[in-house]
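Participant: Modelling step: build the complete structure from the supplied sequences, incorporating the hints.
There are 2 protein chains.
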Amino acid sequence: MSTPVFDPPALESGALRFTPLGGLGEVGRNMAMYEFGGKILIVDCGVLFPEEHQPGVDLILPDMDPLRDRLDDVVGLVLTHGHEDHIGAVPYLLRMRADIPIYGSKLTLALISAKLKEHRITPNTHLVREGETLDVGPFGLEFVAVNHSIPDALAVAIRTDAGLVLHTGDFKMDQLPLDGRLTDLRAFARLGEEGVDLFLPDSTNADVPGFTPTERDIGPVIDQVMSKTTGRVIVASFASHVHRVQQVIDAAHANGRRVALLGRSMVRNMTIAQQLGYLEVPAGTLVDYKKSHDIPDNEIVYMSTGSQGEPMAVLSRMANLDHVIEPGEGDTVILASSLIPGNENAVYRVIDGLTKLGANVVHKANAKVHVSGHAAAGELLYCYNILRPKNVIPVHGEFRHLTASAQLAHQTGIAEAATFIIENGTSIDLKDGEAWASGQLDLGFVYVDGSSVGTITDADLKDRRVLGEEGFVSVIVVMDSKTGRIITGPEIHARGVAEDEGVFDKIKPKIIAALEEAAEKGVRDNHALSQTMRRTIGRWVGQRLRRRPMIVPLVIEA
Amino acid sequence: MSTPVFDPPALESGALRFTPLGGLGEVGRNMAMYEFGGKILIVDCGVLFPEEHQPGVDLILPDMDPLRDRLDDVVGLVLTHGHEDHIGAVPYLLRMRADIPIYGSKLTLALISAKLKEHRITPNTHLVREGETLDVGPFGLEFVAVNHSIPDALAVAIRTDAGLVLHTGDFKMDQLPLDGRLTDLRAFARLGEEGVDLFLPDSTNADVPGFTPTERDIGPVIDQVMSKTTGRVIVASFASHVHRVQQVIDAAHANGRRVALLGRSMVRNMTIAQQLGYLEVPAGTLVDYKKSHDIPDNEIVYMSTGSQGEPMAVLSRMANLDHVIEPGEGDTVILASSLIPGNENAVYRVIDGLTKLGANVVHKANAKVHVSGHAAAGELLYCYNILRPKNVIPVHGEFRHLTASAQLAHQTGIAEAATFIIENGTSIDLKDGEAWASGQLDLGFVYVDGSSVGTITDADLKDRRVLGEEGFVSVIVVMDSKTGRIITGPEIHARGVAEDEGVFDKIKPKIIAALEEAAEKGVRDNHALSQTMRRTIGRWVGQRLRRRPMIVPLVIEA
Chain B
1 MSTPVFDPPA
11 LESGALRFTP
21 LGGLGEVGRN
31 MAMYEFGGKI
41 LIVDCGVLFP
51 EEHQPGVDLI
61 LPDMDPLRDR
71 LDDVVGLVLT
81 HGHEDHIGAV
91 PYLLRMRADI
101 PIYGSKLTLA
111 LISAKLKEHR
121 ITPNTHLVRE
131 GETLDVGPFG
141 LEFVAVNHSI
151 PDALAVAIRT
161 DAGLVLHTGD
171 FKMDQLPLDG
181 RLTDLRAFAR
191 LGEEGVDLFL
201 PDSTNADVPG
211 FTPTERDIGP
221 VIDQVMSKTT
231 GRVIVASFAS
241 HVHRVQQVID
251 AAHANGRRVA
261 LLGRSMVRNM
271 TIAQQLGYLE
281 VPAGTLVDYK
291 KSHDIPDNEI
301 VYMSTGSQGE
311 PMAVLSRMAN
321 LDHVIEPGEG
331 DTVILASSLI
341 PGNENAVYRV
351 IDGLTKLGAN
361 VVHKANAKVH
371 VSGHAAAGEL
381 LYCYNILRPK
391 NVIPVHGEFR
401 HLTASAQLAH
411 QTGIAEAATF
421 IIENGTSIDL
431 KDGEAWASGQ
441 LDLGFVYVDG
451 SSVGTITDAD
461 LKDRRVLGEE
471 GFVSVIVVMD
481 SKTGRIITGP
491 EIHARGVAED
501 EGVFDKIKPK
511 IIAALEEAAE
521 KGVRDNHALS
531 QTMRRTIGRW
541 VGQRLRRRPM
551 IVPLVIEA
Chain S
1 MSTPVFDPPA
11 LESGALRFTP
21 LGGLGEVGRN
31 MAMYEFGGKI
41 LIVDCGVLFP
51 EEHQPGVDLI
61 LPDMDPLRDR
71 LDDVVGLVLT
81 HGHEDHIGAV
91 PYLLRMRADI
101 PIYGSKLTLA
111 LISAKLKEHR
121 ITPNTHLVRE
131 GETLDVGPFG
141 LEFVAVNHSI
151 PDALAVAIRT
161 DAGLVLHTGD
171 FKMDQLPLDG
181 RLTDLRAFAR
191 LGEEGVDLFL
201 PDSTNADVPG
211 FTPTERDIGP
221 VIDQVMSKTT
231 GRVIVASFAS
241 HVHRVQQVID
251 AAHANGRRVA
261 LLGRSMVRNM
271 TIAQQLGYLE
281 VPAGTLVDYK
291 KSHDIPDNEI
301 VYMSTGSQGE
311 PMAVLSRMAN
321 LDHVIEPGEG
331 DTVILASSLI
341 PGNENAVYRV
351 IDGLTKLGAN
361 VVHKANAKVH
371 VSGHAAAGEL
381 LYCYNILRPK
391 NVIPVHGEFR
401 HLTASAQLAH
411 QTGIAEAATF
421 IIENGTSIDL
431 KDGEAWASGQ
441 LDLGFVYVDG
451 SSVGTITDAD
461 LKDRRVLGEE
471 GFVSVIVVMD
481 SKTGRIITGP
491 EIHARGVAED
501 EGVFDKIKPK
511 IIAALEEAAE
521 KGVRDNHALS
531 QTMRRTIGRW
541 VGQRLRRRPM
551 IVPLVIEA
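Order-wise, the sequence lines are chains B and S. Mapping of the first sequence onto full-length UniProt numbering: residues 1 to 558, in sequence order. Mapping of the second sequence onto full-length UniProt numbering: residues 1 to 558, in sequence order.
Keep in mind that the hints are not guaranteed to be accurate.
If chains are identical, the list can't say which one is meant, so a pair holds when it fits in one copy or spans any two.
[Claimed, not checked] BS3-like, lysine-lysine: derived pairs with alpha carbons at most 27 Å apart:
no. : residue 1 : residue 2
1   : K462      : K356
2   : K462      : K482
3   : K390      : K356
4   : K508      : K482
5   : K115      : K510
6   : K364      : K228
7   : K510      : K228
8   : K356      : K228
9   : K390      : K39
10  : K290      : K115
11  : K106      : K521
12  : K228      : K368
13  : K521      : K506
14  : K364      : K482
Simulated from the structure, these hints should not be mistaken for lab results.
Facilitator: Here is the structure:
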């Protein structure tokens, strides 16, 4: 981020401060901090999945540093819905303070509780419902039903003396939702009448023209594919997409097929959804996959994870014949999910693998088997018009999405000066209907890498990128600590470099000569001698191999 | 590839053998080998660009091993057009035998000659024109005009006593091509009347329904964007896309703007195209970019490379403010190109960077600024129907593309048994209108990596992947070669690992203990002692850090 860092001033009395700790300029690790009257309300606490320039990283967390000294001021954490990019970092927040009160809907709390159980944390949860109002410290909260690709999502209106804020969380405006639970546009209208001082809309699809199609369109396509398939049907989707799984179950039932769930997260989430009544399963339709092998091919559907080509997930393993279920001629595989940018190669490898095995592969590019969970431009216009907010901060998106959302706001008559395209760490203060940027914190990426949280640095990642592209050459000499003469070496070893190790024999005399020359000049410092070796071999490798591997020189005294 | 390897039998007298050395099951490194009467004709010789699981690799070549002992039998190399995936590997073929006669159209030969000049090779070229027939050894060649995203592309019909083969090269069927040069469907009809025994169609877009829109649709969009832009216009596209550059030049001219070309390959290719008359430039329209800085913003267009987000190309550098030209408010950037799968993250990073600088970014997703260069399903149906070939080998595509093309063939009445979905190295023999699979060679990937060709192995690439994901931990001890006692060490160094090096102090006593225990058991072999160190530290790192870095143990005797 290029913005200069400047600490915000102490918060004015009667003003509200919003500071995003994650989720702006990226799709993921959503976390917002609201401050008023010395107290803090947090909305969402999610993870971001790494890209290829962050190799080996498992997860990326919001930078929670601004909370570290103010944990006792936190009065609550609101979770808008149960997706990983909104709840995935909660265990790491609770490691700082375990008893932060968590507010969320029934399904959201069930999913976060299951996650926290795996982390051996018992959370302090409070169930809330759409339409409900509740005071949490100085924050008056009102929860509003919104429609998304997971049931039971909520927007939250936040009332303080500074004004009325509406934070949508993720949402879309499906007008024929599968569960009949619409985004509550009547509530939006009422809030608009009251006067929304600050609106923070999900802007992920703000650059997509028109309207997100209804989820209901997908059912008939799945049904038709199933009815045409003579063998097994395998459907892959996100493990949290209850509505999509519902449509698969319904289509299976209509086609005289039973459904076996595959993948740990799929089984866990759908068990929760079924227990809580979000997933309706006709009696006898679900079957344990261990008992599914006796079922004839034309009477079974496997519902699995792995729609993004993740190498360890069920679908990739099937494509590699590394799973009990081996798709083949007569079988159909449906990828009923989006294709998240960056995953294309992995997904197409899976599609190719399945096609080679003889399976028919149906996916977004050749059939209507997925719709997005986010409001497109047309829907956002409805929201801007019905709310007529005084100020807008587009959230939940890359910079281009935030910009597109701001442009929609302008088109509905909201002034440019009242529209804030900001970065993580920018604080916006609100008072008397006026909003202004008050500061810019210096926030970073917090990497979860194996068991370590926050210890891996960008320098480490740069090392990994160099190692991954070029490999390394290590060069070691053992020197007599008294005389400074070479006892053994140089020993040269290379990994990930496009040559036999024998090629390095040619450079050894040069290294010895360079070390002897340095010794003659009285250089005895190990670091300086290491640098001499690095320069000598680095230059030679650059010229000779036209590569720039990491050079790892080491002088050992004996 | 899962297919078992089986050597083809000696070629029957009067039969033709086709063996693809690259381009099947992939988009890239197209190279086909035709054998008849003891002679060999090669069609195309291109490169493949590496994917993320081939880190650090510069280029991938076809495996030319089957040619190594038969270079004197090669009677010619036909180049269908001037794209890198069809000509990029020619320098490596000519290193094996420099005087192979090369046949191609005017532009194709100019482009390959310029490339070979950089490799200091003077090729033995022979200009051919559409409609021309020519005997090359026992092969009777006829060249047929085809329309593609580069001018002067040719299909080649190959006549021998074994029958008539039609090899399309890359093509589409734009019915309103910019240069008026249609794919010669009349010639296809005539060949169909004569009887095509084997048809090898470009199948890259066989899974795209309908028809590829005409290139002509793009001009008005670019024109309109230019006319609306108050500042500079920057257009990025492929460096070989003469038609696209033509449209940019025309639109610039119509809008009173001059055009500066940016990027070495763009300047080289367009200079050639202009010299040969493929690019028509109104007088005074092109300007050297070094002289472009005095031109007012609303009178200049920059035509650059970097449409795929390549980090070193002009467009990425502009987005990072690492280029003389710094886009900003009022400027428009047009990405007039496809988005090749796998490049999404890089491209979106560039789009975001440019948007942050204030530029308006127009790309495939929000405007019609690109059409494909390959025939879609509807066009392929025309070809199958007008040719009615006896046998079909879909080429130029991933497995799913080849399958889709074969399905189109079946729909037009070609028998499944006469449609061959094959892999690189599969040989198909043709005689008396019958074709059959005769063998499967064991071909691999040949990696160009810096100055090395073919020396980097899949094991090296696996090393790079491990290093890139996990980094490495090296552990070194110096031992007395006589007593077997430790003189110095263990020294432990780590790179790309998420811990301070100090953390490894804790494991040193365990390593010493393990080495001493081995010594007591009489183990003196360096390799065995290295393995002892590897196991000890590897287990500890796995449990403690939950990571699997490469462990590099080294025992040095002194």
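Participant: Quick one: K510 to K228, C-alpha cut-off 27 Å, is that within a copy, between copies, both, or neither?
Facilitator: neither (71 Å within a copy, 63 Å between copies)
Participant: With 27 Å as the alpha-carbon cut-off, assign the pair K364 and K228 to within, between, both or neither.
Facilitator: Within one copy only: 18 Å inside a chain, 35 Å across chains, cut-off 27 Å.
Participant: How would you label the pair K106, K521 (within, between, both, or neither) given a Cα cut-off of 27 Å?
Facilitator: Neither, since 75 Å and 63 Å both go past 27 Å.
Participant: With identical chains treated as interchangeable, where does the CA-CA distance between K290 and K115 reach 27 Å or less: within a copy, between copies, both, or neither?
Facilitator: Result: close within a single copy only, 25 Å intra versus 59 Å inter.
Participant: Within a copy, between copies, both or neither: where do K462 and K482 come within 27 Å Cα-Cα?
Facilitator: Neither: 37 Å inside a chain and 42 Å across chains, both beyond 27 Å.
Participant: Is it within a copy, between copies, both, or neither that the alpha carbon of K390 lies no farther than 27 Å from that of K39?
Facilitator: within (24 Å within a copy, 79 Å between copies)
Participant: Should K462 paired with K356 be assigned to within, between, both, or neither, using CA atoms and 27 Å as the limit?
Facilitator: between (37 Å within a copy, 24 Å between copies)
Participant: I want to check one pair: K228 and K368. Are their C-alpha atoms no more than 27 Å apart within a copy, between two copies, both, or neither?
Facilitator: So K228 and K368 pass the 27 Å test inside one copy only (16 Å; across, 36 Å).
Participant: Have a look at K390 and K356 and pick one of within, between, both or neither, based on CA distance no larger than 27 Å.
Facilitator: between (56 Å within a copy, 24 Å between copies)
Participant: Is it within, between, both, or neither for K364 and K482, if the alpha carbons may be no more than 27 Å apart?
Facilitator: Close neither inside one copy (70 Å) nor across copies (68 Å); limit 27 Å.
Participant: I want to check one pair: K508 and K482. Are their C-alpha atoms no more than 27 Å apart within a copy, between two copies, both, or neither?
Facilitator: The answer is both: 23 Å in one copy and 25 Å across copies each meet 27 Å.
Participant: For K521 and K506, with the copy left unspecified, which applies at a CA distance of at most 27 Å: within, between, both, or neither?
Facilitator: within (24 Å within a copy, 38 Å between copies)
In summary, the structure is inconsistent with hints 2, 5, 7, 11 and 14 from the numbered list given earlier, while agreeing with the others.
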